[in-house]
Each structure stands twice: as C-alpha cells, then as structure tokens.
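J.: Make the full structure from the sequences, and use the hints.
In order, the protein sequences belong to chains A and B.
4 is the number that numbering that gives the first Met the number 0 gives to position 5 of the first sequence; each next residue is one higher, with no gaps.
63 is the number that numbering that gives the first Met the number 0 gives to position 64 of the second sequence; each next residue is one higher, with no gaps.
It should be emphasised that the hints constitute simulated quantities derived from the structure, not laboratory data.
In this text the structure is predicted, and so the values were computed from the model without any measurement.
Careful, some of the hints might be misleading.
As the list claims (entries may be wrong) - Incomplete in silico selection of chain B near chain A, CB under 10 Å: (1) Tyr104; (2) Ser131; (3) Gly148.
Glycine included, each C-beta is placed from N, C-alpha and C at the ideal position.
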Amino acid sequence: MNSRVGYIAFNTFREAVRDRVLYNLIAFALLLSGAAILVGEISIDIERLVVVNLGLTAVSLFGVVIAIFIGIGLVSKEIDKRTLYTVLSRPVRRWEFVVGKFFGLTGTLVVNTFLMAIGVLLALLYVAHKFEKMDVWVLVALYFIVLQFLIVCALALFFSSFSTPLMSAVFTFALFVIGSLAEDLRGFARITAGVGGWIATAIAYLVPNFSALNVISQVAHGDAIPGRLILYNSAYALLYAAMAISGAVLIFQRRNLK
Amino acid sequence: MAAIEILDLEKSYLVGFWRKKLKPALRPLRLTIEEGEVFGFLGPNGAGKTTTLKLLMGLVFPTAGTARILGMDLDNPRVKSEIGFLPEQPYFYDHLSARELLNYYAQLSGVPAKGRSARVEQMLARVGLSDSAGMQLRKFSKGMLQRVGLAQAILHDPKLVFLDEPMSGLDPMGRREVRDLIQQLRHEGKTVFFSTHILSDAEALCDRVGIIHQGELRGVGAVADLTSQTQGKIEIIFYAQKVPADLTSLGAEARVSGDMVNAVLPEERQDAALEVLRRERLKLISLTPVRSSLEEYYIQKTRPTEDRKEANQKEANRKGVGV
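T.: Okay, structure coming up:
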C-alpha cells in the first residue's frame, strides 16, 4: 500500500477508536448478544438458533450503523472543519485521501466486528457448552457481514463526497434496506413485463445485493455455506466497493473545497 | 527564478438556486513574487485573499488562468513538498495531541522516518509548545492552535510559506511571536506570502505588498517606496508657546503641544517658513518631508472606484504625469 494511504488510514482508524460513541454502539451490540442468551434459555431446544440469529443480526445492524455514522462524515467533516486544507496542501493526492479514509474505516469495522464476534461466540459457548463443527459457518456469516460493511463504507464515502452528512446517511441507509431486499426485487423484475420490467431489472442489479451476503438464517440452522458462494460474494463485494470508491474519487478530484 | 508566478488566475462561483448566476471571487490576477521575498497580500474581509491562496494550494480550481510555484506547474506533485501552508483560523484533528499531529503531517510531507521525531520536537520547541505537546488539541486555546498551525507549516522545511491571516485572533504577545517567526523565516532565505488586513504587521514585515479588493488587484509596491513617497508637504517642529501669525499666513496647519509647535505646510514655502522662525528667533527641532503611510495607500486603493479615480488623478497631477 502507498505509504500516504497507510498514514491516512491509520489516522482515520485512530480517530474512530478515540470516539466514545463507537464504544457505546459496541456495548449495545454486546448487550444484545447477552440478551440473546436470556431469550435462548426460554426457547427450549432452539437456544443455538436464537443466539446465532440475534447475535449476528446485532453485529450486522450495529456495524452498519457505525459504518454509516462514521462513513458519512469522513469527507464532509474534513471539508467543514477545514482539516483537509493542511492535508491536501501536502504531497497528498486526492485519491490517496479518499482511499486512505476507506481503509481506515474498514479497519475500524473489522476490529469492531472481531470484538462483537467474540461476544456472540461466548454467548454460543454459554448456551451450547461447546463448539460444534457447524459453528465454522458462523465465522463465514461474520465474514459476509464484513463484506457488507465494505460496501456500506464505500457507499457512505461515495455519497459524502458530494452530499451533506444527513443526505448521505439517508441515501446509504436507503440503499442498505433496498439492497437487503435485492433478491425479492430480482424476483419482481422477472415477473414484470415491458418497460417496468426493464426498470425493475436495472434497479435490482444496480443496488448492492445485501441479501446474498446475509446467510444468518442458514448458519443459525446449521446449514453449510457453499465454497462457490464465498468466492462469488467476495468478488462481488470487492468489485462493488471498488466501483463506489472510484466514483467517490472521480467526484472528489473535481470538487472545489470552499 | 520567481517563487510564485500568477498568470491571470481567475475564479468565479455559480450562485443562486439554479446555480446559473456567475459570481466572480477573483478577477484575473497577475502577480510575481521573487524568491526570498516577504510579500503581504492586503485587503478587507472577502476581498479574495483566501480564494487566491486556495487556488495556489490546489484546494479550488481556477475558472481561467494558471500559476507556477518555484517554476513548476500547480499540478506538479513536487510543488507540495516545497510549500508550507497555514489556513485562516486553522482547525486540526482534535483527537490528536500536538506531537501526534505534527508527526502525522511529517509522515504525509515525506519527512524521513529517521530524524522525524527529532524534527517534530524541534518544531514544538520553536513555537513554545514543548510543555503541552502531549495534550489533545481539543484542549488548546486559539493562540496555541495558531502556534501548532505555524509549526505544521514549516515542519518539512519548505522553501515557500503561505500564511493566511497568521495574526488573526492573537493577543499582542502572540502577534509578536508570529512576527518574530516571519522575520526568522526571512533570515533563513524562505519566501513568505501572507495575507492580512492588519497594516502595521505588513508595514513591519513585508518587502512588498499587494492590495486586493472585491477580487481585483488594486496595486502592488515595495513597502519602502510606498512609505517614502512624499505628499508635497513638510513638517516643521520648533520650540514656541504659540503659532507665529506669519507662519499661519503662509498656509501652515499648526498645533501647539506643550512648549512645541508642529506645523505642516507646502514644501515650496519651506524657505519662507524658516525665515519666519529665524526672524522670530525660534529654535528649530526638526524639518521632515511628510511621508505617506501604508494605511493611506491602502485606503486609497480600496475606496470606491470613483473616489479612487479622483485620488489617482490628484496624485498624478501632483507628480506632473497623466493617468
């Protein structure tokens, strides 16, 4: 990695981990995992299913909130506070700044997911008393959640490169919700004819397919995740995030910093 | 080689709800600043000083025109290694300490890892922040932040330093320290381009000044020349309890101050005035030409256009040249 990108990424990571709000969100996610134990204990025979379902959903939702919350301010906050002026007046290219910010936030989310995952795994251990072979799919589900975060981060960064933080949050969250229903949208597109069908198909394939990255329900039931899906999802998430980041760079390269 | 060559640099913004109206922020600006020069860019708030600096820093893009820094185009990546910039009312990452911030900027500026920490400590000491180097910037006062700003601008030993309103919001001691720092930079052979609306600072520090108003460069000149231009009047100071009547009849504007009289009169009446003093046996203290101050030059250049034309005409008439 370009060293300046690395320095910017590290500073972004350092800024995030020194923000108290982040710890509050992680604490909430861990509390939810703890609550999953209680719910699991009153759900006879399906404790594991409840703990995995609730725990991973908490990790996913709180991670998305953190990604959006930090991501939308990554560029706009630096412009508003003019901290960017003393960075871009140095030998730092604008694309290096955007990419550095993206890696910094991604790094923050990977560390957060790791911490929250420990909470989920401990809850799982508490109700099941031991880890089973099928629990490895929980790790795959966590990996897919991280891939979702990659896309959410990139989208938040893309929107924040030209829009206000509030609008960026609205756009990103809206895309997350629509993207979570991408499979349904594709189904709808298939049964719709004419221009409507074309538009539905275009939207269905344009929005990020978060539903393909959500395997929480399968792993909660102990179902295996095919290796091919892991490969496809990895390539899809990387490509989608790269496209969103490229868009953010293209816009930011031409932007006047008033 | 010129340190900065600004060639008809121009910036307009689209304003209004439909963004169709063009508002000029900087009209075509042509200006050259030589290496080793301390140049003051003067003008009231909103005159176009910050826009010019942002254009030179590549933070905004010009509508037309171009500029060269140290002989290189603005988009040449090497330019940024040779310049330091202090924005107006700087704001830094407040989650960092002063030491962490300077270390981060040193990394971005390409200061080699070996000796980077020593350089950071040296800068902290230079701006008097060694004792609070470990404190988070959110706890810093405005004056302390300005010092951090100065340290980050010169951290990587740039050849050219841009300072946007460096004295703004500082107490007298802080202003003095910034002045001293600019003087030091001059002695080190750096080129300093700083914007200000505090004329006394410009007069004390600058080799040349440029006056900008409403996005238009109204005048450029050496401070020594501007402040040495006589206004065609002389000032005579002598010991007396009252103003001699003969002096008043020569058209002198005089006032008594203690046991001294201060009289200003046209220079062609100098001999007649001295004759009056000799006749009245009054002791002369001094006789000096009245010099125009930078303030007068500034006011003349920034007053509304019609007034300015009139003032320029008067000045030309006095010098005996056409406008």
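J.: Taking the hints in turn, state whether each one holds.
T.: Consistency of the hints with the structure:
| no. | hint | in the structure |
| --- | --- | --- |
| 1 | Tyr104 | 7 Å, holds |
| 2 | Ser131 | 18 Å, violated |
| 3 | Gly148 | 8 Å, holds |
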